[in-house]
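Those protein sequences? They're chains A and B, same order as listed.
Throughout the first sequence, residue numbering follows our numbering, covering 483 to 944 in sequence.
Throughout the second sequence, residue numbering follows our numbering, covering 483 to 944 in sequence.
Be careful, since some hints might not be right.
The list makes no distinction among identical chains, and a pair is therefore deemed to hold if it is satisfied within one copy or across any two copies.
[As the list claims (entries may be wrong)] Simulated crosslink set (DSS-like; lysine-lysine; CA at most 27 Å straight-line):
1) Lys830 <-> Lys751
2) Lys721 <-> Lys830
3) Lys872 <-> Lys830
4) Lys872 <-> Lys623
5) Lys751 <-> Lys721
6) Lys595 <-> Lys760
Just so you know, the hints here were simulated from the structure itself, not pulled from any lab data.
No experiment lies behind these values; they were computed from the predicted model shown.
Protein chains: 2
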Amino acid sequence: MSDLSEAARQYARQNAERFRHELIEMLRIPSLSGDPAHAGDIRRMAEWLESHMRDLGLDNVQIMPTAGHPVVYGEWLGAGPSRPTVLVYGHYDVVPALMEDGWHTDPFEPTEKDGKIYARGATDDKGQLFIHVKALESYLKTAGRAPVNVKILLEGEEEISSPNLVPFIEEHLDLLAADVCVISDSSMRSIDEPAILHSLRGMTYMEIEIHGPSDDLHSGLWGGAVHNPALALVEILGKLYNPDHTIAVPGFYDDVVPLTDEERAMIAKTDLTEEQYKSSTGVPAIWGDADYNIRERISARPTLDINGLWSGWAGPGPKTIVPAKAGAKISSRLVGNQDPHKIFELFKDYIDSLAPPTVQVELKLITTGKPALFPFDIPEMQAASRAYEKGWGAEPVFTRGGGSIPVVAEIAALMNIPVVMMGYGLDDDGLHSPNERYSIEMFERGIETAIVYLDELAQSSL
Amino acid sequence: MSDLSEAARQYARQNAERFRHELIEMLRIPSLSGDPAHAGDIRRMAEWLESHMRDLGLDNVQIMPTAGHPVVYGEWLGAGPSRPTVLVYGHYDVVPALMEDGWHTDPFEPTEKDGKIYARGATDDKGQLFIHVKALESYLKTAGRAPVNVKILLEGEEEISSPNLVPFIEEHLDLLAADVCVISDSSMRSIDEPAILHSLRGMTYMEIEIHGPSDDLHSGLWGGAVHNPALALVEILGKLYNPDHTIAVPGFYDDVVPLTDEERAMIAKTDLTEEQYKSSTGVPAIWGDADYNIRERISARPTLDINGLWSGWAGPGPKTIVPAKAGAKISSRLVGNQDPHKIFELFKDYIDSLAPPTVQVELKLITTGKPALFPFDIPEMQAASRAYEKGWGAEPVFTRGGGSIPVVAEIAALMNIPVVMMGYGLDDDGLHSPNERYSIEMFERGIETAIVYLDELAQSSL
């Protein structure tokens, strides 16, 4: 470990409380990317980050427009062209959070309790992206320089599947050019079991809507002779799965690369017990494809979930209608080598085959993301492994991630660099759920690990 | 026709515009019974009716408490004990109405257009109950007396299935004592085809809720190993019907009294063509049990509808969750001799048999109503038939109603009197739907018919 990184780590420890309060400031801004009503908050969040990075001494800091929400960019290239350049990617946008979903505290008034900060975005991804900002600050405010060049790219549309990031990268390939990309937007199963992801699932996110009568009808006047759209919907969606919990869409599994015995043995080491599974989720019994263990089901196998359902009257009291329409959001997590657009076509064909003539059925594609897979014996991955050992204090495992960071596969392909996913969250941080939280200890150990990672990268032959 | 009724009819014609404006005043009050937020409006509606009936010269006018929303009562008994007494029942409460459901005008700012008044409650039941108030006024303001004694009972909980009306009637049997009950809360298929209902469907209204994980889960972290509650819901609800559109709940049809050939021949006369059916509903194709014609399906056969569905995220943009829960409102329209509570038990057994161990399934009973059936050769029904001939100007048909007025069977049983259902609405008035409307011509012809009915009752031997 260099003196440079040791001084930076000491600085990070001494400034831990201030770092935490700065994070809390960020978390107060409800930067929801999926809701046009929050466009002003997105802007405010971008301005906060721009101003903050400029204050820390980063160069070329700017809010860069896209066709949607802007990118915030900053760089420090003082290590010079002979040293590696790392591109840090993070996202400053968050998913919705409503008190009535079960939050115990205001999701945008961060609350510290038992060593955790409760707030929407705490772990996904404001807490984790901030780790890299604070790691770079710790170098710049001590030695006045970092061991490698650092570029920071923060986007505001990750939670709506980054519709504008690919064109942005394509347009700024020179500005963004780097030897490796590091992303912290994932998690480990316990604080002593850090994980580096070498694979992510992709996604096909769809919306189905069924239209029946022109208006809601009185069920007493028309019930019995009208195909209820909510009924048509459940009849169709009820056929998405086979009785053995495999997905019934014909051809769905055709392009899935089978897991090797070697990888299955590695995955088995991080499998959950039924007990761990139940206590993490609160469900009464295990479910899924019995040919695969729990860890495989949630990370290495493709899935299909109904994310939302709506029809008719959901308020208090009875309302005796045949609803005019019914809809659902459905999404599939994909693995290599499934193609999200091909999967959408398969869904479309299947649902068309189930659609009765008594209603109108429409399936729309909302977003897609490709699955990603990297080897883990390359220097950029091995440097990350050493950073956890030295900075975090535990040897990491290489695992597949069940979630999707749609741009990972795109960044790798467009920039021709590996993407190292160093997650500093916990599996049960409740991201996308009520009471999302982030452990203050994880935040602080994350900063030290990120400091060491820059040092280890400098000592690798990239 | 007596001079008394002729004078009353002239008065009604001369005061038609004022009557209409009074109705519009009533329609401005959003007296939703199913939503506690509108309790004040319910009270305001009751007070308006009390004050109005008192001004017209009714006696013993009062707002009478129940365990829920109050009853408004008024009477005129000046015809004396040798004359028949008619009990008018109506309801002043309405179902919800939201602009976003597709209203073209504010549902509580009545709008006149093309001879119709658009407002929630216009036809169901404010317009129709007011017909009887105005008929009685027309007698009292001309001759100073009516040909029979009249009692008016207006309740505020019909749209939530009248949970407190039976105890109210039981407690006030002497006050309410009458020879016949008349209810105008139904419809005819066209203005020249008036109908008297001799049967109504009953109801079992239920809510199913499925609980899976304790909180919404990230579909990337847990998708594939958790039984999605929305999926479990659609899998269960998708098995409610058989492929031939009969209801799959075992035993559901056991107590249904088969239609006789004679009644089927009568019903066939009022059947809808596929063209009429499609233009009334806007659906692309006919649906239902092919063993019965459309009119039978919507009036003489039991049904099952999903009235609402909810789960997870229904807002804009994608949200990648496994929802913690999913639910639906489901209701069955019943015919003689189905028992609503027995039907609930059959649903419960069936849904229990479908419930998987991977989620928690709860079925709750929300409301019930018994089906009703009366003979149509009795004097009270025949007087109604003559009233339509003379007052409306067309001979009515006796039909079965597909809707439910839960108290009809209860009033008949508790008071031992027939209930004559003289509907003054149109089948396509859009009740319970956006843009509910009431024809001004129907309102005015209704008042004249109601005037004649009192006269015809006086001349019947009850």
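Right, here's what the structure says about each hint:
1. Taking identical chains as interchangeable, the C-alpha atoms of Lys830 and Lys751 are never at most 27 Å apart, the minima being 38 Å within one chain and 43 Å between chains.
2. Taking CA atoms no more than 27 Å apart as the test, Lys721 paired with Lys830 passes in both settings, with 14 Å inside one copy and 23 Å between copies.
3. Taking identical chains as interchangeable, the C-alpha atoms of Lys872 and Lys830 are never at most 27 Å apart, the minima being 50 Å within one chain and 59 Å between chains.
4. Only within a single protomer do Lys872 and Lys623 lie at most 27 Å apart by alpha-carbon distance; the minimum there is 22 Å, versus 98 Å between protomers.
5. Within a single copy, Lys751 and Lys721 get their C-alpha atoms no closer than 34 Å, and across copies no closer than 40 Å, so neither meets the 27 Å cut-off.
6. Proximity of Lys595 to Lys760 under the C-alpha cut-off of 27 Å is restricted to the intra-copy arrangement: shortest distance 24 Å within a copy versus 60 Å between copies.
Against the hints set out earlier in the document, violations occur for numbers 1, 3 and 5.
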